[in-house]
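**Q** Read off the chains here:
Protein chains: 2
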Amino acid sequence: MSGDRFASGDEGHALFTDLYELTMLQAYWKEDRQQRAVFSLYFRHLPPARNYALACGLDAALSYLEHLRFTEPEIAQLRSLGFFSEEFLEWLRSFRFTGDVYALAEGTPVFPNEPLLEVVAPLPEAQVAESFAMNQIHLQTVLATKASRVALAAQGRTVVDFGMRRMHGTDAALRGVRAFYVGGVHATSNVLGGLMHDIPVAGTMAHSYIQAHESEAEAFRRFSSLYPQTILLVDTYETIEGVRKVVDLARELGDAFQVRGIRLDSGDLAQLAREARKVLDEAGLERLQIFASGDLDEYRIDEIVRSEAPIGAFGVGTRMGVSRDEPSLDLAYKLTEYAGTGRLKTSPGKASLPGRKQVFRIEENGRSVRDLIGRHDEPQPGRPLLEPVMRDGERLPAGRRTLREARERAAEELAKLPSHVRALEPARPAYTVEVSEALQRDAEAVREKVAR
Amino acid sequence: MSGDRFASGDEGHALFTDLYELTMLQAYWKEDRQQRAVFSLYFRHLPPARNYALACGLDAALSYLEHLRFTEPEIAQLRSLGFFSEEFLEWLRSFRFTGDVYALAEGTPVFPNEPLLEVVAPLPEAQVAESFAMNQIHLQTVLATKASRVALAAQGRTVVDFGMRRMHGTDAALRGVRAFYVGGVHATSNVLGGLMHDIPVAGTMAHSYIQAHESEAEAFRRFSSLYPQTILLVDTYETIEGVRKVVDLARELGDAFQVRGIRLDSGDLAQLAREARKVLDEAGLERLQIFASGDLDEYRIDEIVRSEAPIGAFGVGTRMGVSRDEPSLDLAYKLTEYAGTGRLKTSPGKASLPGRKQVFRIEENGRSVRDLIGRHDEPQPGRPLLEPVMRDGERLPAGRRTLREARERAAEELAKLPSHVRALEPARPAYTVEVSEALQRDAEAVREKVAR
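Chains as they are written, first to last, in numbering that gives the first Met the number 0: chain A, 0 to 451; chain B, 0 to 451.
Derived by calculation from the structure, the hints in this document are not laboratory data. None of the hints are false.
Pairs count within a copy or across copies, as identical chains cannot be separated in the list.
Listed below are the simulated DSS-like cross-link pairs for lysine-lysine, each with C-alpha atoms no more than 30 Å apart in a straight line:
no., residue 1, residue 2
1, K448, K277
2, K244, K448
3, K29, K244
Chain A on its own, in the form it takes in the complex (with noise of 0.2 Å):
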């Protein structure tokens, strides 16, 4: 079987779906249950540890939607599962993504209940766009979020992605590189991903390396000799003793020595900077930067740039990799609308609200104070944060926006949030997100109506 579509950006891959999907569209198409449906992708809760996500993950949506087919293999094997007829089966050979979707822009920092993306399509298309999108929004959502965390906190300095090898998958570790660089990360160790998505591709040596020689110093010499520009990673036996074979390097290389940076990779890595800065300068190496690794987050990293550690750039795998304090966020898509009427669940704690919405961001003296979600058509002050991304199932160019432009927005709408809300800590109070009168009067009209 082929999964050529998955990891390329080519999306559109029909079967990458809930079972639940394909038994309800041929319910709606049995039915004739055709008509125009409104869905909302968004979250009811930030998790404890987060003040605000950032959305990413929109053009592997709209992607997936301008491609979603199901093809002659495809039928054969859904055909195979002996839930559908073969009038159906025809049916979905001509199927196609017809609708129009409006979305945040990829980098927009987003808040509790406020739509990421809304679909506006004939039932059958609106659904079967749940199971992709959602992946893709929630994966990128999620690892974007952590990585803007973590560039925060480096406040400026260098941040490199060192996750590929502990994240979930390849596709995670693939999209990851472009969600980590809209959240503000430089570059990546993971080739390919560094490839697909245009971003700086950066390593250092590993251990082994180190362990494959005869002597750290034998090691040293070999691996610069080769790569004169490189970062020689010190912590293999004794940290300061391997900083000292630098040093000891230096002196023998004189003007040839062209080394940038040492590693660290273990231990007190603010105590053990200092101490090899120290080492570093008495011998003239003031030039050198100090390059740390190991357990890295945006919490840690926060501890050592306090601590005024004289450390220029982190590396940082795992506990980003996989947002490791909070790897989910409670996405959901919702039907909120469905042949001109709005619809509601009403199962305790899962309240939504109806139709189609707009989301404003109200600014002062240059600052986000506070979002409030109204109706799509009502004029209300502030920015409107949902465009038209795809209309009819053809991409708009707010669809088309670029990996860059991603990552300036969310540094520019990063820098105008409330500096409490910027923090790691828990914002206190929560980024105030207000519902307009007349969403509130339509929501209050739609449960009166499902009530009945």
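Position chain B against the provided structure of chain A, taking the given hints into account.
**A** What follows is chain B alone, placed relative to chain A:
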């Protein structure tokens, strides 16, 4: 760019790697450092909420090694990075993995410091296996471990994987289906994942289906006419009212009513199940099963099962899908021997065991009581767990075990563990893992040599 060797199980994307693997590769090539190396893949600690890990992902790692090639387009991409000489790129054209691999069978419970995998190959080949093998074995081991806890908590009740929408990308969702199956899950909602791995695909209906109809009763009637043996979702509005509508439908249809069950997806699942059971039983619908979903994991399932709530099956999503409480494991791939000499890192807290090893599982009265890590060539009591799975780059029979075998092994081996190790609560004492005297002496000798 094609990613067609990713999701397909036909692994071999040579550029899915950390940059340093390739820069080290060039250095090894340049230095002609091609002697035999041994790398061990293991974790140093179990997370607090895990008493064992369930080895999984070997099949993907072996497939990768079998298919590892640097294709012409990949070589052109590497050239564009500017790190590699033409002579080296030429050498890469014929690069193949020609080594041996020893591994634990998938589905084997594994404990700290025990190798899941040992790779024995010329240094560059063994080195370059790192990033992909870790990515896959880490992912699948984390997910299989989590799934086994969920399945154990369910005590034989059906567990269906509902995780794909919030799992970390497409690869995690597709591989997850197989890892969950190894761990004891019965079916998946993931159509492509189920088809790829020949695992039952299951699903019910979404709230949107109910909402898109003028009434819940109408939605139930329509869906069950198309899928007579379906499970009806009853909590879109008011749960017990929803159950009453199922009863009404049963009365209306008489013998034609074949619905298999109802699904609860919100609220106090145990309490609602009891109330729903009462309503169903009073209507003579004893045969309808109650299916529960919504933020479930092993802890909540354990609570529900212990409360004797009348729930027969669980749909488990995000919390299992991202292994929310423990989304990563400190898995590491370390050089332990080169050119016939044991190698060790001595960084604080990161000590390792040199050379090739064997893990012996010692049983008493049919129970696994402790493990012993020894040299690969020393006789010890107990069952040796590491077996040759690849020789000279070709899979051996033990490298071709089926998914069903892995699932059966997991069930058998888990049943043999001491009950406090199989329990959800942290095991005190932890399962015993000893290191043989011969291996301890080897480690000491290498440590002394390194320290000189």
